[in-house]
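**Q** Place chain B on chain A using the hints.
Protein chains in written order, with UniProt numbering: chain A, 1 to 331; chain B, 1 to 331.
Bear in mind the hints are in silico, worked out from the structure with no lab data behind them. We put the beta carbon where it would ideally sit given N, CA and C, even for glycine. Check before you lean on any hint, since a few could be wrong.
Listed next, the stretches of chain B that the computed footprint assigns to chain A, with coverage defined by at least 3 CB atoms under 8 Å from CB atoms of chain A [to be verified]:
hint	region
1	117-128
2	147-154
3	264-276
Which residues of chain A face chain B? A few of them, derived with a C-beta cut under 8 Å, are [what the hints assert, rightly or not]:
hint	residue
4	Pro48
5	Gly50
6	Val53
7	Ala54
8	Thr58
9	Val133
10	Thr148
11	Ser213
12	Glu287
Number of protein chains: 2
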Amino acid sequence: MPSRPEADDPRLGDVSEGRVLQAILTRTPPSAHTLLGPGDDAAVIAAPSGSVVATTDTLVHGPDFRLAWSSGYDLGWKAAAVNLADVAAMGARPTALLVALAVPRDLRLSFVERLADGFRDACTALAPGCAVVGGDLTVSDVLTVAVTALGDLEGRAPVTRSGARPGDAVAVAGELGLAAQGLAVLFGRFRDGDVPVPVDPARLGPGERAALSAQLRPTPPIALGAVAATAGATAMMDISDGLALDARRMADASGVTLALDGSALGPDVDRALAGGEDHALLATFPEGALPPGFRAIGVVRARGTEELLCDGRPVDTSGWDPYRDWDSVSG
Amino acid sequence: MPSRPEADDPRLGDVSEGRVLQAILTRTPPSAHTLLGPGDDAAVIAAPSGSVVATTDTLVHGPDFRLAWSSGYDLGWKAAAVNLADVAAMGARPTALLVALAVPRDLRLSFVERLADGFRDACTALAPGCAVVGGDLTVSDVLTVAVTALGDLEGRAPVTRSGARPGDAVAVAGELGLAAQGLAVLFGRFRDGDVPVPVDPARLGPGERAALSAQLRPTPPIALGAVAATAGATAMMDISDGLALDARRMADASGVTLALDGSALGPDVDRALAGGEDHALLATFPEGALPPGFRAIGVVRARGTEELLCDGRPVDTSGWDPYRDWDSVSG
Chain A
1 MPSRPEADDP RLGDVSEGRV LQAILTRTPP SAHTLLGPGD DAAVIAAPSG SVVATTDTLV
61 HGPDFRLAWS SGYDLGWKAA AVNLADVAAM GARPTALLVA LAVPRDLRLS FVERLADGFR
121 DACTALAPGC AVVGGDLTVS DVLTVAVTAL GDLEGRAPVT RSGARPGDAV AVAGELGLAA
181 QGLAVLFGRF RDGDVPVPVD PARLGPGERA ALSAQLRPTP PIALGAVAAT AGATAMMDIS
241 DGLALDARRM ADASGVTLAL DGSALGPDVD RALAGGEDHA LLATFPEGAL PPGFRAIGVV
301 RARGTEELLC DGRPVDTSGW DPYRDWDSVS G
Chain B
1 MPSRPEADDP RLGDVSEGRV LQAILTRTPP SAHTLLGPGD DAAVIAAPSG SVVATTDTLV
61 HGPDFRLAWS SGYDLGWKAA AVNLADVAAM GARPTALLVA LAVPRDLRLS FVERLADGFR
121 DACTALAPGC AVVGGDLTVS DVLTVAVTAL GDLEGRAPVT RSGARPGDAV AVAGELGLAA
181 QGLAVLFGRF RDGDVPVPVD PARLGPGERA ALSAQLRPTP PIALGAVAAT AGATAMMDIS
241 DGLALDARRM ADASGVTLAL DGSALGPDVD RALAGGEDHA LLATFPEGAL PPGFRAIGVV
301 RARGTEELLC DGRPVDTSGW DPYRDWDSVS G
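Chain A with its partners taken away, still in its complex shape (with noise of 0.2 Å):
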């Protein structure tokens, strides 16, 4: 996208909260379930089935995401992405974001644009009906985005972490370890030193492009989240933070033990269980339930020593903190 004059867009520090919010709330749709959208002290959403599912996370520049790395439309993307899995992955269809923004004085409206951008088709692509309904903005050193999803349950039951029982099976939708290995290009490949610099596409294969696109901008399959609940999902969640990890804290939830088949993860065993960010459904499932888009990956079985085995051995669960040494890089 070719730069604008700077007099068109201006930094955020010299523009009125009331001309970035609209800036963001008109590019965003209405939701289809928005009683009383923006400009009023709050907004009203529709919550049929008589609750509404309510979730809340953080991208945090630094330990989440860099700007070097991540445009103003990927951190919309991604914001949204990761919000929406958690409403689906207790079964519901999500039905509104609540965006709260605080941003740098020096960042150009441009970027705010791009970011709601991404919000929007986000929502489009990966939960029809969805939209941004509500938000806030401060200023901060330190570029933060904070949304709210919320969701309605269509008068099913949430399914919970804590449902699944021996005999189950476990199951899984969206991919496993994609996003890691995106990061992975970004930290082998697109770095001076310790400061992170811009992608260059050209530099990337096929392979890493998709690699690279599920860590920037995830596609976690937000509508089967409603597809297994119907199904008779026993226990849900998404997988944020690796799926041994995730994995062992369904077993916990649920006092069983997890036991997958690591045929069934793919070339990279390791990359699959370790890997985070994917925002993949974890689910099990009575026998024979197994609904189109899942996968069986193992079984649940009486709770044994261990709380997962991969092909009947422990499993490292110490989990995804890829970042977790780079709070102090700049980028």
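**A** Structure of chain B alone, referenced to chain A:
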């Protein structure tokens, strides 16, 4: 409160996200409206009237508060109160809060515990039955508290900003200008040059203490939001940026002129008009419908050349941004 030994009060960078969230959630009682509480990918909150009111508001260290002046308890209380006020201003009853915290690594666990106490006590005092039902914790160099509040309309229609009609009474519930007076005490008395210094209560008279409390731990009349809606309020909003600016916004949204009576605004009319952060409720009512708790401060007129009058004269509506020039000040 005496300091705890350091071993009992670790820095947040040295403890797991789970432990911190646990510390918050064990200190906050379950909401009466919580169908499924913390521990899963999302919470489920009752929305018996088939819709949910939702709003988000963020406090950022620097522009919105200073740790030299606000304790963790103050911060939790205020972050709850300002969001509860937005729900109340729609005529709804608050049901749940979600709290996204971004915290510096060197902050102590006890700070977050006190923050949670502030959330709990603000809900108990201002919106009984409402509680923190979910959260998210990330690391950031800038302490940031992003809160989403949900509420239930209990079968009432939402009260917007746009329904004020000529002939209605303009009324307010809550303080006007007291929080601004508290901020003036902080700015005037508790600085070393440009750097905020801790408040010494011994240096404060009773009036100053009340003003400081209104600034640090505001007590907006949350329950009166539902009361106003039941009484037939035609328009309502909370006064966050000062009566003048917010009344102008209501006049704009409704296409009317609000004519205020200066004698109803207390001894310091300028402060009542300009001072923000009290989160009083501004509402309009048909003649004779003013409910207990609200006091009349003017009348709605057909739109004239001015949106807002006080004693027949135009009012400066440039509004409230006390920290505008303070963002580079540390403390």
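**Q** So, against the hints stated earlier in the document, which numbers end up violated here?
**A** 1, 3, 11, 12
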